[in-house]
Amino acid sequence: MDSRLEKIVNVLQEQAGAKFDDFRGDVRVYVPGDKLHDTLLFLRDEHEFQLLALLTAIDYWPEDRPRYHVVYGLKSLTQNLDIQVRVLLPDADPRVPTVTDIFEAANWKERELFDMFGITVDGHPDPRRILMPDDWEGHPLRRDYPLGYEEPQYTFNYKEINSRKPFVKE
Amino acid sequence: MAEYQLEEIPVGPYRHLVSERAATGETMLLNMGPQHPSTHGVLRLLLELDGEVIVNCIPDIGFLHTGVEKNMESKTYQKAEVMSDRLDYMNPLGNNLAYCMTLEKLVDLDVPPRAQALRVILAELQRLNSHLVWLGTFGLDLAAMSVFLYCFRERERILDIFELCSGQRMMTTYIRPGGLWRDVPVEFESMVRDFLRIMPPRIDEYEALLTKNPLLVDRTVGIGVLHKEDALSYGVTGPMLRASGVDWDLRKARPYSGYEQYDFEVPVRPEGDTFARYMVRVEEMRQSLRIIEQALNSLPLGPVNSDNRKYVPPPRSEIGVSMESLIHHFKLWTEGFQVLDDSVYYAVESPRGELGVLMAGDGSAKPRRVHWRTPAFSNLSCLALITKGHLVADLIAILASVDIVLGDIDR
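Just so you know, the sequences run in chain order A and B.
The C-terminal position of the first sequence is numbered 169 in numbering that gives the first Met the number 0, with every residue numbered one higher than the one before it.
The C-terminal position of the second sequence is numbered 410 in numbering that gives the first Met the number 0, with every residue numbered one higher than the one before it.
It is worth saying that the hints were derived from the structure and are not from the lab.
Fair warning: there could be bad hints in the mix.
Unchecked claim - The list that follows gives simulated cross-link-like pairs (lysine to any residue, SDA-like), each with its CA atoms no further than 25 Å apart:
| # | chain 1 | residue 1 | chain 2 | residue 2 |
| --- | --- | --- | --- | --- |
| 1 | B | Lys104 | A | Gln78 |
| 2 | B | Lys387 | A | Pro126 |
| 3 | A | Lys6 | B | Arg253 |
| 4 | B | Lys365 | A | Trp60 |
| 5 | B | Lys365 | A | Gly147 |
| 6 | B | Lys69 | A | Asp92 |
| 7 | B | Lys227 | A | Gln78 |
| 8 | B | Lys227 | A | His36 |
| 9 | B | Lys74 | B | Glu334 |
| 10 | A | Lys164 | B | His64 |
| 11 | B | Lys74 | A | Glu150 |
| 12 | B | Lys365 | A | Asp21 |
| 13 | B | Lys227 | A | Ile101 |
| 14 | B | Lys227 | A | Leu40 |
| 15 | A | Lys18 | B | Asp341 |
| 16 | B | Lys309 | A | Gly24 |
| 17 | B | Lys309 | A | Phe22 |
| 18 | B | Lys387 | A | Thr99 |
| 19 | B | Lys365 | A | Pro65 |
| 20 | B | Lys365 | A | Gly24 |
| 21 | B | Lys78 | A | Glu150 |
| 22 | B | Lys227 | A | Arg43 |
| 23 | B | Lys251 | A | Arg43 |
| 24 | B | Lys227 | A | Pro124 |
| 25 | B | Lys78 | B | Glu317 |
| 26 | B | Lys104 | A | Gly24 |
| 27 | B | Lys330 | B | Leu108 |
| 28 | B | Lys251 | A | Gly24 |
| 29 | B | Lys74 | A | Tyr148 |
| 30 | B | Lys227 | A | His46 |
| 31 | B | Lys365 | B | Glu334 |
| 32 | B | Lys365 | A | Leu87 |
| 33 | B | Lys365 | A | Asp114 |
| 34 | B | Lys251 | A | His46 |
To be verified - Not close to chain B: a few residues of chain A, all C-beta gaps over 10 Å, as computed:
| # | residue |
| --- | --- |
| 35 | Pro31 |
| 36 | Gly117 |
| 37 | Asp121 |
Since the structure is predicted, the reported quantities are computational estimates derived from the model, not experimental observations.
All C-beta atoms, glycine included, are put in the ideal place defined by N, C-alpha and C.
Using the sequences and the hints given, assemble the complete structure.
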């Protein structure tokens with residue numbers, strides 16, 4: 000690990016009770032959800048991480064370690080460094096605080112986070128869906144969300160399957 | 000013919016995004032797109048107008064959402080790559096490169112030098128291709144029709160080169176994990192050299208048509224200014240960021256695939272307006288030509304694929320004589336290769352900016368999650384900021400200068 004990153008990680012360990020790991024040069028810092036805002040503010044203001052390059056989640060369903068990892072990838076252009084801040088969220092009622100007041104880039108990405116994973120972003124200024132239609136049900140990138148498919152219709156079960164399709168009912 | 004009634008757009012759902020005056024009807028909400036020639040695809044913009052002045056601009060995206068990220072989770076790593084071409088359809092080889100580099104980082108796979116140099120040549124040709132289409136449509140949006148035709152004429156030559164290599168003009172999937180699909184044909188070098196010979200005077204020609212053209216200058220200088228601080232806060236990358244005065248290019252800052260061997264400059268302009276974005280991209284085309292020339296001159300000989308048979312299928316000649324090769328071939332094309340349960344992020348410089356992939360394996364042959372950090376998504380998000388206070392006609396110029404590709408934004 001880069002010595003500059005090591006210093007930052009040490010401070011975060013003390014201040015926010017963060018854990019960290021390092022895999023193929025990606026440094027990941029795991030912070031509790033309530034310390035997220037302070038952590039990003041600290042990284043931006045005191046360590047010149049100007050760019051929020053990445054904001055997304057990984058769903059570990061059906062495993063529980065915990066279920067969601069919300070990933071914030073920060074980039075420092077002046078120091079040429081990368082750091083990933085991760086928040087671990089449980090299966091039931093996953094929530095993160097908004098960071099739109101720190102990075103404007105988070106606005107659309109947090110909307111996508113809600114749209115695709117159903118992770119509620121507290122305090123978001125524009126909490127609408129972004130990619131899916133407004134009336135869409137479910138959150139497509141969850142691992143337990145099924146890939147859509149068409150049931151094969153034969154002459155003997157044509158009507159039965161048609162009656163289950165949402166769009167044929169007049 | 001049926002008579003259509005124009006419906007007013009209700010303010011209700013956008014109450015928190017528009018000004019106070021929209022509720023009283025003092026300003027007008029006007030819909031632009033998703034079917035509009037200057038939105039470069041299917042982008043819908045909801046404009047709040049005071050006369051012709053834009054008070055607020057609310058982009059509405061998602062019309063081209065194809066669920067690529069979800070689909071990739073149900074395919075093996077080799078098959079999922081085929082979908083990456085379709086994301087940013089102006090930059091298929093760049094997407095392949097980002098995908099393969101991330102996968103190579105995840106499984107720790109080395110790429111031989113010849114494949115690295117060829118990847119650079121192809122990625123730079125793809126950048127030229129993308130910038131040519133951008134320049135053509137930018138000109139078209141500003142009513143310069145002939146530039147569009149000239150740019151597409153040169154683009155055809157690049158597509159011919161891709162067709163020669165891979166058999167496909169656009170959706171090539173030519174860059175594969177561990178190297179390339181196959182070595183380039185013998186005609187490749189002469190075709191690229193031909194292209195390198197004709198291209199510099201052609202770029203001068205475009206500049207002669209546009210750079211000092213008063214019609215273009217009047218419509219672009221000082222229009223849609225994006226300041227450095229805002230650009231960083233909005234996560235803007237690529238030529239747009241460099242036109243706002245930030246010297247940041249992943250090819251220079253974190254050289255990948257052998258970019259450190261080549262001598263090139265990163266054009267930066269301090270103004271941050273539409274004209275600066277135009278100038279940066281035109282200069283980038285020249286620099287790409289320089290890179291291609293150097294890479295072609297120092298193109299090493301040797302294999303174009305890693306010899307790690309656990310990830311790269313063996314050549315056909317080996318299958319007939321080696322039992323192990325036959326087994327590897329069979330396992331790779333039926334089951335795929337297993338990738339360990341961890342995640343990495345890797346980013347390359349696409350024509351639009353930082354194109355990154357966050358890839359998480361789950362120990363099986365299919366990825367747990369492939370997230371595409373696409374540059375146009377972040378670049379477009381600052382549109383509301385930089386169009387505020389401009390005329391509707393300027394919006395067209397600004398939008399063209401952002402260089403959006405909806406496949407890249409909606410994924």
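Checked against the structure, which of the hints given earlier come out wrong? none
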